[in-house]
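With these hints in hand, go ahead and build the complete structure from the sequences.
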Amino acid sequence: MAAAIGIGIDVLEPTGNMVIDIGGGTSEIAVIALGGIVNNTSIRIAGDDFNADIEEYMRKEHNINIGERTAERIKIEVGAAIDELDNPPDEYEVLGRDMLTGIPKGIKVNYTEIAQCLDKSISKIEAAVLNALENTPPELSADIYRTGIYLVGGGSMLRGLDKRLHLKTKLSVHVAEDPLRAVARGTGIALKNFDKFTFLIK
Amino acid sequence: MGFFSFLSKEIAIDLGTANTIIIFNDKVVVDEPSIVALERNTGKIIAIGKKAQMMHGKTHENIKTIRPLRDGVIADFQSAEFMIREMIKMIGLKNSLFPPALKMVICIPSGITGVEERAVKDSAEQAGAKEIRLIH
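Taken in order, these protein sequences are the chains called A and B. Under numbering that gives the first Met the number 0, the residue at position 189 of the first sequence is numbered 188, and the numbers go up by one with no gaps. Under numbering that gives the first Met the number 0, the residue at position 14 of the second sequence is numbered 13, and the numbers go up by one with no gaps.
Nothing false has been slipped in among the hints.
With beta-carbon atoms standing in for the labels, derived distance ranges: (1) Lys50/B x Met98/A: 25 to 35 Å; (2) Gly34/A x Ser7/B: 22 to 32 Å; (3) Asn130/A x Val114/B: 21 to 31 Å; (4) Glu38/B x Asn64/A: 21 to 31 Å; (5) Pro13/A x Arg39/B: 47 to 57 Å; (6) Ser122/A x Gly127/B: 39 to 49 Å; (7) Val114/B x Ile102/A: 43 to 53 Å.
No lab work stands behind these hints: they were computed from the structure. Heads up, the beta-carbon is just placed ideally off N, CA and C, and yes, glycines get one too.
In structure tokens, the structure reads:
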């Protein structure tokens, strides 16, 4: 809800909007209309799980142990959701500990590898999106067909995620500007309407 | 509100698993990773936010870094409360004579349970909030 307000949707209108927030710990897919959440799917797969996937992949494929922070950096530098990007990022040098010798070492990774290792988690998010669309009342489905899907949260900055969701759903997918702060902005607006927004929970 | 309204401050918090953002006077005043670093034997807070993140994964046995939020909800109640309190201090409210009465709106995930909702509210109350609203 806060995310929807943050990207400038008038949530009190009788039109449906679908917002996907991929944060650090949870991904949430919600359909919003008339100042309320019509249906929502919340799955506990998000940024942290992407990091864990990358850590595991590095361990299995390259025999290199890396920490959570390095995994996060890899995700930011070369993270991708699809194998073919129009403007691919440069290779990134990963530093960590060699599991066989125990000696620190560095290797290069590119975005296609990361896309493969994130594939499983992203498919789960895709499945959740499809599930949410399935459970949407038909009148709101019609609205969503027109307005498309809005993506917010740090996870939406993953390269090619919007394209991947577009290919899966055939709907237009918009990534919010400054997706990291969209939710905070919305919360700020809610603060100004402290008494007006009835959907705030006491 | 009314006469004493200058004593109350309104803040909006996005309490995220990865980053916590605080908005005060329409501006983002705090944007820090949600991490706390503790000294293990005294339980004292050494650092929060970016400074604690630098320590994450590089600690010796006397320092522990905690991410108080897991999967969008509070997993470690005490350190979450510390974190909220310290971050509110970062806003730099000048009014030192009276602790300001805080009016807060906090964002929570929509899949949250009643107990988890309660935990967020209690943490905020402990950190000095007078009026709290939650938003999904």
